[in-house]
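From first to last, the protein sequence lines are chains H and Z.
Here our numbering is used: the first residue of the first sequence is 1, the next is one more, and so on.
Here our numbering is used: the first residue of the second sequence is 1, the next is one more, and so on.
No lab work stands behind these hints, which were simulated from the structure alone.
Only a predicted model underlies this, so the values are computations on that prediction, with no experimental measurement involved.
We put the CB at the ideal spot given by N, CA and C, even for glycine.
Keep in mind that the hints are not guaranteed to be accurate.
To be verified - The calculated label-pair distances, taken between Cβ atoms and stated as ranges, are:
no.	chain 1	residue 1	chain 2	residue 2	range
1	H	A144	Z	E18	42 to 52 Å
2	Z	T186	H	D67	23 to 33 Å
3	H	E18	Z	D94	30 to 40 Å
What the hints assert, rightly or not - One-sided excerpt, in silico: chain H residues whose CB lies under 8 Å from chain Z:
no.	residue
4	N26
5	G27
6	G102
7	T109
8	S114
9	K120
10	Y159
11	Q165
12	L167
13	L170
14	M172
15	D174
16	E183
17	I184
18	T186
There are 2 protein chains.
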Amino acid sequence: MPKSVTFDREQVMMNVMELFWKKGYNGTSMQDLVDATGLNRSSFYNSFGDKFSLFQEALKHYQTQQDQTIRSFTKGAHSPRKAIISLFEGIAGDISAGNHKGCMITSCTTEMASNDDRVKNFLVENKKHVVDMFEILIKDAQEAGEIDKQRNAHSLALYLFSSLQGLRVLSMIDEEVELVVKEILTVI
Amino acid sequence: MPKSVTFDREQVMMNVMELFWKKGYNGTSMQDLVDATGLNRSSFYNSFGDKFSLFQEALKHYQTQQDQTIRSFTKGAHSPRKAIISLFEGIAGDISAGNHKGCMITSCTTEMASNDDRVKNFLVENKKHVVDMFEILIKDAQEAGEIDKQRNAHSLALYLFSSLQGLRVLSMIDEEVELVVKEILTVI
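With the sequences and hints as input, model every part of the structure.
What follows is the structure in structure tokens.
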């Protein structure tokens with residue numbers, strides 16, 4: 001009977017996610033993963049499958065965290081437009097407080113969208129998920145009279161998604177993201 | 001006397017740049033580089049130094065091309081504000097025509113800004129270079145009465161830089177960049 005391996009899968013997945021986030025898929029070696037998980041290679045393969053399967057799991061883990069972050073920044077807002085503002089100001093505040101790690105999904109897009117269709121499909125679905133969330137907030141804001149009903153809600157939602165990507169890239173090489181957020185928000 | 005190696009350095013550098021652009025620094029193997037250059041490993045090292053030196057040269061090559069692209073999109077414009085509009089519309093047109101490769105410098109930022117200070121310094125300098133270019137155009141547009149003088153030219157320039165980064169990330173997973181460019185340009 002094989003020796004059973006016990007470990008905290010949630011904690012291991014957090015460590016793996018942080019590693020892929022910082023070093024990218026190609027920059028992360030099997031040895032890095034073994035070091036980060038504390039598992040030997042055999043236990044590693046038995047528990048998580050190959051490096052690519054683990055990366056896909058880490059991406060989904062990040063996406064769940066991203067949704068929680070969005071909810072935490074928007075939940076106290078008193079109106080749909082203010083929820084969008086709170087989200088961008090929350091992210092800018094987090095960056096200004098020293099988080100220059102960027103976004104794992106943004107980094108994954110530039111590294112892998114052109115090279116792996118399975119990852120690209122995930123990224124396209126994730127974009128749709130976030131754009132839909134913005135579009136609902138914008139339509140609610142239009143109903144509430146906070147944003148002009150003549151504006152195209154889908155265009156604005158896609159603009160906000162694109163702006164978030166840019167902000168996350170900029171945050172890796174610049175400190176002045178709060179200035180940028182102020183300009184982004186003038187559009188809504 | 002060692003056998004001399006003749007090759008078209010400009011063409012080799014173009015091939016190498018395209019390779020790093022598509023696959024990233026870590027995703028590009030020495031074998032990929034040997035295949036792309038047509039040089040054997042020994043000639044390769046003698047001509048270009050190691051992989052990292054070659055990557056730095058490819059980045060500078062890309063930056064030169066980027067400057068030429070900016071000039072080509074802005075040179076015919078009849079005013080400084082129109083030059084900015086032409087640049088964004090030109091990039092959107094290029095993406096809509098099928099260029100979904102993104103931007104080598106954006107991809108390099110997400111892959112390497114957190115992991116290599118030499119690359120980060122290059123990226124910070126490049127950002128300053130592009131933001132300064134935007135800032136001059138905005139101040140000229142303010143002098144010409146095209147943009148309100150009360151607006152902060154530096155914030156707007158940084159916003160345009162950030163928006164360009166976002167657009168380049170989005171272009172790798174979405175077709176609707178022209179909608180986004182229209183919204184970006186409402187800020188100026």
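Evaluation of the provided hints:
{"no.": "1", "hint": "H:A144 to Z:E18: 42 to 52 Å", "verdict": "holds, 49 Å"}
{"no.": "2", "hint": "Z:T186 to H:D67: 23 to 33 Å", "verdict": "holds, 29 Å"}
{"no.": "3", "hint": "H:E18 to Z:D94: 30 to 40 Å", "verdict": "holds, 36 Å"}
{"no.": "4", "hint": "N26", "verdict": "holds, 4 Å"}
{"no.": "5", "hint": "G27", "verdict": "holds, 4 Å"}
{"no.": "6", "hint": "G102", "verdict": "holds, 6 Å"}
{"no.": "7", "hint": "T109", "verdict": "holds, 5 Å"}
{"no.": "8", "hint": "S114", "verdict": "holds, 6 Å"}
{"no.": "9", "hint": "K120", "verdict": "holds, 7 Å"}
{"no.": "10", "hint": "Y159", "verdict": "holds, 4 Å"}
{"no.": "11", "hint": "Q165", "verdict": "holds, 4 Å"}
{"no.": "12", "hint": "L167", "verdict": "holds, 6 Å"}
{"no.": "13", "hint": "L170", "verdict": "holds, 5 Å"}
{"no.": "14", "hint": "M172", "verdict": "holds, 4 Å"}
{"no.": "15", "hint": "D174", "verdict": "holds, 6 Å"}
{"no.": "16", "hint": "E183", "verdict": "holds, 4 Å"}
{"no.": "17", "hint": "I184", "verdict": "holds, 7 Å"}
{"no.": "18", "hint": "T186", "verdict": "holds, 6 Å"}
The structure fails none of the hints (numbered hints given earlier).
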